[in-house]
Amino acid sequence: MVENDNGEVRILAFLCNWCSYAGADLAGVSRLQYPPNVLDIRVMCTGTISPYHVIKAFQMGIDGVLIAGCHIGDCHYIKGNYMTYKRFQVLRDVFKFIGIDEDRLRLEWVSAAEGERFAGVIKSFTEQVESAGPSPLRSGWGKDPGQWERIREAFKPLVTLEPV
Amino acid sequence: MSIKERVRELVGGEVDGVLGYRLVGESHLPHLFKADDIEEMAEDYPVGERYPLASLVRRLQAEDPGMRIAVVARGCDERSLVELAKQGQVDLEHLVILGLACDEELARACGCSEPYPSEIVQGQKAEGAGEDHLVDKIDRLPAEERLDFWLSRFGSCIKCYGCRNVCPLCYCKECALDDAELVERGQVPPAQPAFHLVRAIDMAGRCVDCGLCEEACPVGIPLRTLYRKVGLAVRDNFGYRPGRSLEEKSPLAVLGTEKDLE
Amino acid sequence: MTDYQTVPTVCPYCGTGCGMLLEVSGGRLSGVLPQKDHPVSRGTLCVKGWTAHEFVHSPGRLTRPLVREDGKSKAASMEEALALVAGKLREAVKTHGPDAAAFVCSAKCTNEENYLVNRIARASVGTNNIDHCARL
Chain B
1 MVENDNGEVR
11 ILAFLCNWCS
21 YAGADLAGVS
31 RLQYPPNVLD
41 IRVMCTGTIS
51 PYHVIKAFQM
61 GIDGVLIAGC
71 HIGDCHYIKG
81 NYMTYKRFQV
91 LRDVFKFIGI
101 DEDRLRLEWV
111 SAAEGERFAG
121 VIKSFTEQVE
131 SAGPSPLRSG
141 WGKDPGQWER
151 IREAFKPLVT
161 LEPV
Chain P
1 MSIKERVREL
11 VGGEVDGVLG
21 YRLVGESHLP
31 HLFKADDIEE
41 MAEDYPVGER
51 YPLASLVRRL
61 QAEDPGMRIA
71 VVARGCDERS
81 LVELAKQGQV
91 DLEHLVILGL
101 ACDEELARAC
111 GCSEPYPSEI
121 VQGQKAEGAG
131 EDHLVDKIDR
141 LPAEERLDFW
151 LSRFGSCIKC
161 YGCRNVCPLC
171 YCKECALDDA
181 ELVERGQVPP
191 AQPAFHLVRA
201 IDMAGRCVDC
211 GLCEEACPVG
221 IPLRTLYRKV
231 GLAVRDNFGY
241 RPGRSLEEKS
251 PLAVLGTEKD
261 LE
Chain C
1 MTDYQTVPTV
11 CPYCGTGCGM
21 LLEVSGGRLS
31 GVLPQKDHPV
41 SRGTLCVKGW
51 TAHEFVHSPG
61 RLTRPLVRED
71 GKSKAASMEE
81 ALALVAGKLR
91 EAVKTHGPDA
101 AAFVCSAKCT
111 NEENYLVNRI
121 ARASVGTNNI
131 DHCARL
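Chains as they are written, first to last, in this note's numbering: chain B, 1 to 164; chain P, 1 to 262; chain C, 1 to 136.
Keep in mind the hints are simulated off the structure, nothing from the lab. A few of these clues could be false.
To be verified - Okay, the calculated beta carbon distance ranges per label pair:
no.: 1; chain 1: C; residue 1: G27; chain 2: P; residue 2: E184; range: 31 to 39 Å
no.: 2; chain 1: B; residue 1: M44; chain 2: P; residue 2: S118; range: 36 to 44 Å
no.: 3; chain 1: C; residue 1: C133; chain 2: P; residue 2: E127; range: 51 to 59 Å
no.: 4; chain 1: P; residue 1: G155; chain 2: C; residue 2: K74; range: 47 to 55 Å
no.: 5; chain 1: C; residue 1: G26; chain 2: P; residue 2: G155; range: 36 to 44 Å
no.: 6; chain 1: C; residue 1: K48; chain 2: B; residue 2: L39; range: 36 to 44 Å
no.: 7; chain 1: C; residue 1: G27; chain 2: P; residue 2: D179; range: 27 to 35 Å
no.: 8; chain 1: C; residue 1: T110; chain 2: P; residue 2: G155; range: 31 to 39 Å
no.: 9; chain 1: B; residue 1: R31; chain 2: P; residue 2: A62; range: 53 to 61 Å
no.: 10; chain 1: C; residue 1: L116; chain 2: P; residue 2: L246; range: 53 to 61 Å
Even glycine gets a Cβ: it sits at the ideal position worked out from N, Cα and C.
If we strip away everything but chain B, and leave its shape as in the complex, we get (with noise of 0.2 Å):
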């Protein structure tokens, strides 16, 4: 479980071996300023990053998820992050449906080129997520007992708990 005693937001993000991660080194290389709240994970493309690396990543603790790929028309193995794309339309609204902030989770293509768009990318979802606060999902939901009582007389009317 991530834990932070600081408050400070974690990220993930996935970085494409041929654009996003070359496009992060570039912006290393560079000396571009850019929060410090992200861990970096290379994967050889965004196609490869399943929808249950993302669930894990949420259910373990993390703030935010950012996928970083190629542009479309530029993916080094053709349409890979053809498939990166339509998965993360339904994470997001399936995200959102269940309660958790969709915008916790972005898509962003970056090309090895683009070493400021990197850094600008990573700071503007910092921010985001900032804004958004720490994950619901850190450990602590439902330790609160009148937590449960609300739950229960908010959702009366709505669904019964009797089994089917």
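Since the structure of chain B is provided, determine the placement of chains P and C on it from the hints.
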């Protein structure tokens, strides 16, 4: 003509066996009939006694690929079979589908908006229920209440795997929900919302809204509502509805073209 | 050609008694389905019920009596095994009293079998040391 009358014509000739329901006491139980016991086939299909016949077709065909069977299929059964065929799990060439239309009572009990298959042998087309109101209600809740709602429901989960076991579209030999790294062993209730989110995402582009999952849930988690939302996400983003067309594959199963990204 | 039928029965595990259908194909149990119209379970099962068919054909299942000799398990006849057990129990009870023996019964046994174990323990051997697999 009723299904049983049609079946008498088929069995022993065009098909080797018929997958339908047999009356045992008052229960209607799934059974593979051959020529010698075809008369035991039940002629009514009561509310509340639906079994995943599409899964049985898949398993029987896997055991005996050349076998020709006829199967009693409601709208949901046919949609499951079509989707399974597209995923290479069912062979429609060796299958005769005996269409059964559900009556209004069952359609409303199931909350089904299309309670009939493409070709009907027995039954009348009913109107069925409209759109799911629970999806709308939950959509309109503020985010924090939505999370509270779902986490409290998922908190009742006893990890029986009933939703997965009964689903006609679940056939993976190695299920993600059995993976020790994704789902911690021995933890009940399982990780919330990860366990149910994993299932929900796997249903994208595949769930045909048969409702067997929610009926199999011992603690009444509104699974069907969750999977309906996933279905709506796929429909609104890509215009795809599972189980309808035999040609059109799920956008999450093929790479696709640039058009799909708009 | 394959055959397939379902046999309604009651789950062999806990006391709830959920209704389930055993799926039989080619003379073997291939799976379990919950019985939709059962008044107790109403088409639901817990994880033990869903996997209740697995032990029947499990390769780990005991199919004949085994007797331990020099630390190794050796196949034996039922008479040999029962004679050994009865003899050792009798010996233990004679030397240390009835409470030296303990009995464990099981939800997978019939009520009649469990009742017999009770009688053996309480009336025959004379001990109250009887418990149930659910407590393990």
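Has the hinted range 31 to 39 Å been met by the Cβ atoms of T110 (chain C) and G155 (chain P)? The hinted range 31 to 39 Å holds for T110 (chain C) and G155 (chain P), with Cβ atoms some 37 Å apart.
Do G26 (chain C) and G155 (chain P) keep their Cβ atoms within the hinted range of 36 to 44 Å? For G26 (chain C) and G155 (chain P) the Cβ distance comes to about 41 Å; the hint holds.
Has the hinted range 36 to 44 Å been met by the Cβ atoms of M44 (chain B) and S118 (chain P)? holds, 43 Å
Is it true that the C-beta distance of G27 (chain C) to D179 (chain P) lies inside 27 to 35 Å, as the hint says? Check passed, 33 Å falls within 27 to 35 Å.
Can you let me know if the beta-carbon spacing of L116 (chain C) and L246 (chain P) is within 53 to 61 Å? holds, 60 Å
Regarding K48 (chain C) and L39 (chain B), is the given constraint of 36 to 44 Å on their beta-carbon distance met? holds, 40 Å
Per the hint of 31 to 39 Å, is the separation of the Cβ atoms of G27 (chain C) and E184 (chain P) within bounds? holds, 38 Å
Go ahead and decide if the range 47 to 55 Å is satisfied by the Cβ distance of G155 (chain P) to K74 (chain C). Roughly 51 Å apart at Cβ, these two residues keep to the hinted range, so it holds.
A range of 51 to 59 Å was offered for this pair. Does it hold for the Cβ distance of C133 (chain C) and E127 (chain P)? Distance hint for C133 (chain C), E127 (chain P) holds at roughly 52 Å.
Per the hint of 53 to 61 Å, is the separation of the Cβ atoms of R31 (chain B) and A62 (chain P) within bounds? The hinted range 53 to 61 Å holds for R31 (chain B) and A62 (chain P), with Cβ atoms some 60 Å apart.
Violated hints: none; the structure is consistent with every hint.
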